[in-house]
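K.L.:
In UniProt numbering, the protein residues as written are 1 to 595.
Hints are computed from structural coordinates only; laboratory data are not their basis.
Keeping only pairs whose Cα atoms sit at most 30 angstroms apart, straight-line, the calculated DSBU-like set for lysine-lysine is: (1) Lys567 / Lys452; (2) Lys435 / Lys231; (3) Lys441 / Lys231; (4) Lys386 / Lys267; (5) Lys29 / Lys231; (6) Lys66 / Lys189; (7) Lys325 / Lys242; (8) Lys231 / Lys267; (9) Lys58 / Lys231.
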Amino acid sequence: MHNRTPDYSHLCTFGYACFPLIPSSQQHKLQPTSDCCVFLGYSDIYKGYKCLNINTNKLIMSRHVKFDETNFPFSANQKTSPIQVSHTCPRLLIPSSAQYTSQKTTTTTAAPALSQVEPTTSETQNQSSETVIPTNTSNHTSPQHTFRHPMVTRTRTGSLRPISRLNLLHHQPTSDPPTDPTSYQEASKYQIWRSAMAAEFLALQKQGTWSLVPLPSNCSALGCRWTYRTKTHADGSIAQYKARLVAKGNHQEFGLDYSETFSPVAKLPTIRVLLVVAIHHNWPVQQLDVANAFLHDKLTETVYMRQPKGFEDSTNPDHVCLLHKAIYGLRQATRQWYNTFTSTLVSMGFVHSSADPSFLILHQQNIHIYLLIYVDDILITGNDNKAIHNTLTILGNKFAMKNLGEAHNFLGIKIDRYAQHFFLSQQNYALSIIKSANLSKCNKLSNPSCTKLPVDIQPDEHLSDPTTYRQITGSLQYLTLTRPDIAYSVNQLSQHMHQLEPQHVYLLKRLLRYLQGTSDFGIPISKSKLCLTSFSNADWAGDPVSRKSTSGYCSFLGDSLISWTVKKQSTVARSSTEAEYRALAALTADVIWLR
1 MHNRTPDYSH LCTFGYACFP LIPSSQQHKL QPTSDCCVFL GYSDIYKGYK CLNINTNKLI
61 MSRHVKFDET NFPFSANQKT SPIQVSHTCP RLLIPSSAQY TSQKTTTTTA APALSQVEPT
121 TSETQNQSSE TVIPTNTSNH TSPQHTFRHP MVTRTRTGSL RPISRLNLLH HQPTSDPPTD
181 PTSYQEASKY QIWRSAMAAE FLALQKQGTW SLVPLPSNCS ALGCRWTYRT KTHADGSIAQ
241 YKARLVAKGN HQEFGLDYSE TFSPVAKLPT IRVLLVVAIH HNWPVQQLDV ANAFLHDKLT
301 ETVYMRQPKG FEDSTNPDHV CLLHKAIYGL RQATRQWYNT FTSTLVSMGF VHSSADPSFL
361 ILHQQNIHIY LLIYVDDILI TGNDNKAIHN TLTILGNKFA MKNLGEAHNF LGIKIDRYAQ
421 HFFLSQQNYA LSIIKSANLS KCNKLSNPSC TKLPVDIQPD EHLSDPTTYR QITGSLQYLT
481 LTRPDIAYSV NQLSQHMHQL EPQHVYLLKR LLRYLQGTSD FGIPISKSKL CLTSFSNADW
541 AGDPVSRKST SGYCSFLGDS LISWTVKKQS TVARSSTEAE YRALAALTAD VIWLR
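Kindly generate the complete structure, drawing on both the sequences and the hints.
P.N.:
Structure (structure tokens):
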């Protein structure tokens with residue numbers, strides 16, 4: 001018709017293995033960018049390929065797909081059982097305010113039951129973006145039916161068929177999800193996350209976090225979203241499936257619904273000093289956690305927020321939440337929590353450390369108590385167990401606190417206590433970094449870096465992606481909290497985030513191979529004399545391009561390493577002596593702060 005030969009390059013054989021691109025908005029920064037799927041055909045809704053995820057049985061529509069024409073996951077000799085699809089669409093039970101206030105004995109430890117309700121007319125309009133859509137509107141008495149995946153062809157005249165892209169999404173998995181969900185639509189398919197959201201919603205209702213009101217004409221409401229995280233113990237076992245409702249504070253306006261936002265957190269050297277003092281005096285170190293910490297603070301500004309997905313009030317669907325408490329996500333939430341909690345401690349006799357405002361000290365006669373705050377994670381130690389118990393009782397009466405016992409997993413750092421020392425490590429975190437780089441079965445190396453690069457560097461398609469390189473390097477920066485042996489290597493890798501070349505990828509792989517054999521390494525906090533000793537050093541013009549030098553220093557309290565830094569100097573040193581003095585000046589500032 002148009003005197004032009006059609007382009008058949010996009011056509012592919014049905015059943016091939018394929019790898020659709022997972023959008024960045026739906027994946028964690030450490031997760032892979034694709035997953036193995038089976039090619040089912042072409043979308044009749046919009047331009048794109050239809051791919052079936054063989055792990056989750058989820059149908060994916062994507063325009064960006066790579067095909068493996070040598071692999072047929074569903075070959076002729078494989079017998080797969082049909083997918084059972086439910087006709088009903090489960091929705092979360094939304095307790096009303098009247099129902100909640102009448103149930104005095106409800107606890108947050110047990111998840112409430114979920115029920116199936118019919119969506120109202122107003123809910124149905126937004127059903128496609130918030131919940132799973134049923135594929136058949138007729139009243140069908142059979143609870144399940146068998147679904148197959150035929151090759152999509154042109155629709156026959158007069159025939160009726162359900163939309164295939166909705167049939168797979170309608171499937172409700174009963175097993176645990178492989179990774180943490182990134183959206184409400186994904187999380188609502190799993191019972192564990194539906195229960196977690198219901199428990200969180202009841203906790204918000206219990207705290208009186210908001211009241212439903214009509215939105216004033218001259219005001220705007222913030223959006224909100226659910227976030228999901230699987231909390232683990234120090235040994236990697238699952239501790240809790242946590243769902244949290246977060247306000248979209250990035251839409252707040254300065255001076256209108258927030259003012260000051262700064263909130264201090266404890267510095268890592270302060271944590272190590274606390275452990276050194278505790279092991280020196282043989283004091284117990286207890287770990288505390290505050291449940292829904294930000295909800296203990298009254299909000300002084302007027303802030304409106306939309307109702308959370310899955311929990312819209314059916315009687316007032318157009319109302320918004322007038323916030324009474326500083327919910328997670330608000331810019332001022334952390335500051336208000338810090339001020340509320342520390343003001344309580346000050347009223348009990350604690351004073352702030354002049355070096356670290358998140359480190360509070362109580363000295364009364366022969367009683368010495370030290371308390372450290374990192375947002376809602378707390379460490380406490382001292383020489384009087386009865387005084388510590390009284391302190392925890394007072395705090396527990398005002399805040400919903402949980403005593404986790406002896407400190408064992410603080411900020412993702414595993415704390416093992418022995419008779420004469422602590423041992424800090426991040427083994428599970430190191431292994432997760434190696435796994436995200438697809439190097440779980442790599443060969444081990446005995447050192448993290450090398451002085452001479454090989455001539456023929458083999459390219460790595462996965463790590464050569466700039467986004468993946470930045471994600472892994474950023475994760476390695478957090479790993480240096482207990483691994484000073486890789487601090488210099490991570491410093492070198494971090495300087496090439498925006499100018500990535502094959503040699504940088506090679507050095508990253510080499511560092512990961514070193515971690516494969518040393519994942520259980522860490523730093524000991526030993527019992528010894530409390531004597532501060534420090535060392536510094538610097539190279540000269542170590543960067544061949546900018547000719548800038550690199551400073552390095554470390555400080556020991558007794559035999560325990562408590563502070564270290566590797567950093568490129570900001571200006572060019574004219575001699576090696578000048579470079580050494582600049583490193584010494586940085587060390588001196590750190591020593592003055594430590595003392």
